[in-house]
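Student: In case you want the letters, here they are:
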Amino acid sequence: MFLQKIYHTSLYQIMIADIWQSLRSKWFWTYSLLFGGFVAVMFSTGITESQIIGFVGLSRLMVTFMQVSMVILPIYVLITTVRSVVGDRESNVMEYMLSLPVSFTGYFWGKFFAKFLITFIPVFIALLGAAIWGSFTRLDVPWDLFMLYSALLASMIFCFLGISMFISVVSHSQDLAISSAFILWLVLVAFLDLILMGLLLKLRVDAGTVIGIGMLNPLQVFRTAVLVLFDPELTVMGAASYFILDTVSRGLFIFFAIAYPTAVGLGFGWLGNYFFKHRDII
Amino acid sequence: MDQSPFIHIQSLSKDFNKVRVINNITIDLNGADRIALIGQNGAGKTTLIRCILGQYNYSGTLSVLGFDPRKNRKEMLNKIGFVPQTPPPIKLTVKELVNFFEKITKTPASAFQRISNDMGLSLEANYGKPFHKLSGGMKQKLLISFALGRQVQILLLDEPSANLDPQAREILFDHLENYNRETLMILSSHRMNEISKLVNRVVEMDLGNIVLDNKLNHQKPE
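In order, the protein sequences belong to chains S and F. Mapped onto our numbering, the consecutive letters of the first sequence carry residue numbers 1 to 282. Mapped onto our numbering, the consecutive letters of the second sequence carry residue numbers 1 to 222.
FYI, nobody ran anything at the bench for these hints, they're computed from the structure. Built from N, CA and C at the ideal position, the CB exists for glycine as well. It is possible that some hints are incorrect.
Unchecked claim - Here are some of the chain S residues that sit facing chain F, going by a computed Cβ distance under 8 Å:
(1) H8
(2) S10
(3) Q13
(4) A17
(5) W20
(6) R24
(7) S91
(8) N92
(9) E95
(10) S99
(11) L100
(12) S103
(13) D280
(14) I281
(15) I282
What the hints assert, rightly or not - The calculated DSSO-like cross-link candidates involving lysine-lysine, where the alpha carbons are at most 30 Å apart (straight line), are:
(16) K91/F with K74/F
(17) K103/F with K91/F
(18) K103/F with K71/F
(19) K277/S with K91/F
(20) K5/S with K79/F
(21) K5/S with K103/F
(22) K91/F with K26/S
(23) K79/F with K215/F
(24) K74/F with K277/S
(25) K106/F with K277/S
(26) K79/F with K106/F
(27) K5/S with K74/F
(28) K18/F with K277/S
(29) K79/F with K277/S
(30) K95/F with K26/S
(31) K5/S with K95/F
(32) K133/F with K91/F
(33) K103/F with K277/S
(34) K71/F with K5/S
Let the sequences and hints guide you as you build the complete structure.
Tutor: Below, the structure is given as structure tokens:
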């Protein structure tokens with residue numbers, strides 16, 4: 001009965017329609033091949049036999065996979081989804097779809113969840129594929145690490161998707177949306193190290209403030225969480241590790257790294273939906 | 001019997017970047033009205049249709065079947081069929097689109113199929129083709145089938161015959177003529193001569209104003 005109700009909601013129908021359309025697009029298959037291919041290349045080049053801070057086998061592969069995901073995923077999510085609302089508006093698809101009994105909220109969140117599934121599932125399948133292949137080749141599968149990495153990936157995708165959908169709603173053209181998304185990504189990347197170091201060295205800003213700014217950056221949170229999972233003492237981060245691990249425990253930080261980006265994505269999604277509902281839609 | 005208008009518009013205005021596109025118009029549109037909405041490009045016809053569909057904010061009062069188009073969209077749009085001027089580039093296949101319409105409008109596919117067959121478009125033969133790759137005429141026929149296949153109280157048709165061949169145009173007008181007499185029909189068109197036999201009221205817009213509102217009498221002279 002409940003499922004039947006969901007089945008007939010405009011949110012569900014818009015989500016399914018959007019998934020079908022995405023499955024027919026070139027970017028989706030390029031994206032899926034990119035991650036699937038990356039895992040295959042890592043296996044074939046013998047990365048599971050190399051070692052990093054005591055990590056070998058599948059754990060080593062997963063760590064590398066996450067590091068690559070941190071570089072590729074945010075910009076990929078932003079660029080491929082930032083046109084979804086503004087693109088529909090420019091091509092008159094939205095004019096037609098919203099002449100049907102579809103609520104604004106159903107349309108917005110239907111597209112949101114479709115984009116989430118379509119960007120998360122290929123990455124998840126690549127990671128799962130690696131785990132399954134690893135178990136076939138008699139490697140130890142670190143399922144706890146696998147679950148945590150999957151949750152981290154999901155929360156990061158959710159975060160950037162929320163930001164992307166917000167930009168898509170408030171932008172007046174696709175060009176503007178793509179440019180804004182790209183600039184945002186550059187700013188977040190710059191705040192990973194460069195600007196933070198500048199704040200510390202040139203402006204003599206308090207270290208706690210600088211690390212606090214760093215922890216507001218979802219890219220930095222993701223990066224640190226990936227590090228803390230394979231390097232519990234965060235030795236590669238130097239002095240900042242004392243600050244982080246003295247303030248919060250490792251477990252709490254991992255929880256924060258999953259909850260915070262999800263909350264950011266949800267917050268921007270809510271804002272996007274608010275503007276979508278209250279503005280002219282075309 | 002309730003005689004309240006299907007669409008009640010009072011002092012409706014719409015601006016885009018401080019440019020007034022609809023200028024303080026007041027009009028009532030009733031059930032059984034078959035209206036030719038005419039006017040040059042930029043007269044405000046499409047903007048008015050989009051206001052009725054709840055796609056724009058506006059100032060003034062607008063009530064559609066007793067609903068506020070911005071607040072009660074879903075309930076209102078359940079009772080409205082719409083054909084746009086330009087078919088949108090939807091990337092679903094015909095079958096997926098038909099399934100989508102079935103679920104969203106709670107109308108069986110056979111209802112759409114009946115109209116499209118009449119117009120010379122077989123749905124089954126085109127099920128696997130993406131909608132955006134169909135010819136302009138095929139797309140228009142499909143969108144017309146989706147609008148006319150439903151039992152609605154208001155039909156909004158923005159240049160519905162623009163991409164149709166003469167035969168399909170004839171069939172479309174036949175269907176419109178025989179559609180439920182109680183339905184309010186608004187046809188936006190540049191070809192007044194083509195739709196004149198179909199309508200019983202002409203509303204002309206110019207620069208956002210209603211400059212003409214005439215009832216037509218089609219009774220043949222004895």
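Student: Decide, hint by hint, whether the structure agrees.
Tutor: Now the hints, each set against the structure:
Checking H8/S against chain F by beta carbon gives a least distance of about 6 Å; that is within 8 Å, so the hint holds. Given hint, S10/S at the interface with chain F, holds; its Cβ is 6 Å from that chain's nearest Cβ, closer than 8 Å. Taking 8 Å as the C-beta contact cut-off toward chain F, the hint placing Q13/S at the interface holds, the least distance being around 5 Å. Interface hint at A17/S: satisfied, since its Cβ lies 5 Å from the closest Cβ of chain F, which is below the 8 Å cut-off.
For W20/S, the shortest C-beta to C-beta distance to chain F is roughly 5 Å, which falls under 8 Å, so the interface hint holds. Checking R24/S against chain F by beta carbon gives a least distance of about 6 Å; that is within 8 Å, so the hint holds. Taking 8 Å as the C-beta cut-off, the interface hint given for S91/S holds, the closest approach to chain F being about 5 Å. Taking 8 Å as the C-beta contact cut-off toward chain F, the hint placing N92/S at the interface holds, the least distance being around 5 Å.
Annotation: interface hint on E95/S holds; nearest CB of chain F at approximately 6 Å, less than 8 Å. Taking 8 Å as the C-beta cut-off, the interface hint given for S99/S holds, the closest approach to chain F being about 4 Å. The restraint placing L100/S at the interface with chain F holds, with a minimum CB-CB distance near 5 Å, inside the 8 Å limit. Among the interface hints, the one on S103/S holds; its C-beta lies about 5 Å from the nearest C-beta in chain F, closer than the 8 Å criterion.
Below 8 Å, beta-carbon pairs count as interface contacts, and D280/S has one with chain F at about 5 Å; its hint therefore holds. For I281/S, the interface hint holds, since its Cβ comes within 8 Å of a Cβ in chain F; the closest pair sits about 5 Å apart. With a least beta-carbon distance of about 6 Å to chain F, the hint placing I282/S at the interface is held under the 8 Å criterion. For the suggested pair K91/F and K74/F, the alpha carbons sit about 24 Å apart, so the restraint of at most 30 Å is met.
Distance hint between K103/F and K91/F is fulfilled; the C-alpha atoms sit about 18 Å from each other, no more than 30 Å. For the given pair, K103/F sits about 22 Å from K71/F by alpha-carbon distance, which is consistent with the 30 Å threshold. A C-alpha spacing of about 24 Å is found between K277/S and K91/F, which places the hinted pair at or below 30 Å, so the restraint holds. Restraint check: the Cα-Cα separation between K5/S and K79/F comes to about 21 Å, which is no more than 30 Å; the hinted pair holds.
Between K5/S and K103/F the CA atoms are separated by roughly 11 Å; this keeps the pair inside 30 Å, and the hint holds. Restraint check: the Cα-Cα separation between K91/F and K26/S comes to about 12 Å, which is no more than 30 Å; the hinted pair holds. Between K79/F and K215/F, the direct Cα distance comes to roughly 25 Å. Compliance with the 30 Å bound is thereby established for this hinted pair. Of the supplied pair hints, the one linking K74/F and K277/S holds, its CA atoms being roughly 13 Å apart against a limit of 30 Å.
As the CA atoms of K106/F and K277/S are separated by approximately 24 Å, the hinted pair is consistent with the 30 Å bound. As the CA atoms of K79/F and K106/F are separated by approximately 12 Å, the hinted pair is consistent with the 30 Å bound. Proposed proximity of K5/S and K74/F is supported: the alpha carbons are some 16 Å apart, at most 30 Å. With a CA separation close to 21 Å, the supplied pair K18/F and K277/S stays within the 30 Å bound.
A C-alpha spacing of about 21 Å is found between K79/F and K277/S, which places the hinted pair at or below 30 Å, so the restraint holds. The suggested pairing of K95/F with K26/S holds, with an alpha-carbon distance near 21 Å, which does not exceed 30 Å. Restraint check for K5/S and K95/F: the C-alpha separation of about 22 Å stays at or below 30 Å, so the hint holds. Among the hinted pairs, K133/F with K91/F is consistent with the structure: their alpha-carbon atoms are about 8 Å apart, no more than 30 Å.
Our distance criterion of 30 Å between C-alpha atoms is met by K103/F and K277/S, whose separation comes to about 23 Å. Restraint check for K71/F and K5/S: the C-alpha separation of about 22 Å stays at or below 30 Å, so the hint holds.
When held up to the earlier numbered hints, the structure conflicts with none and fits them all.
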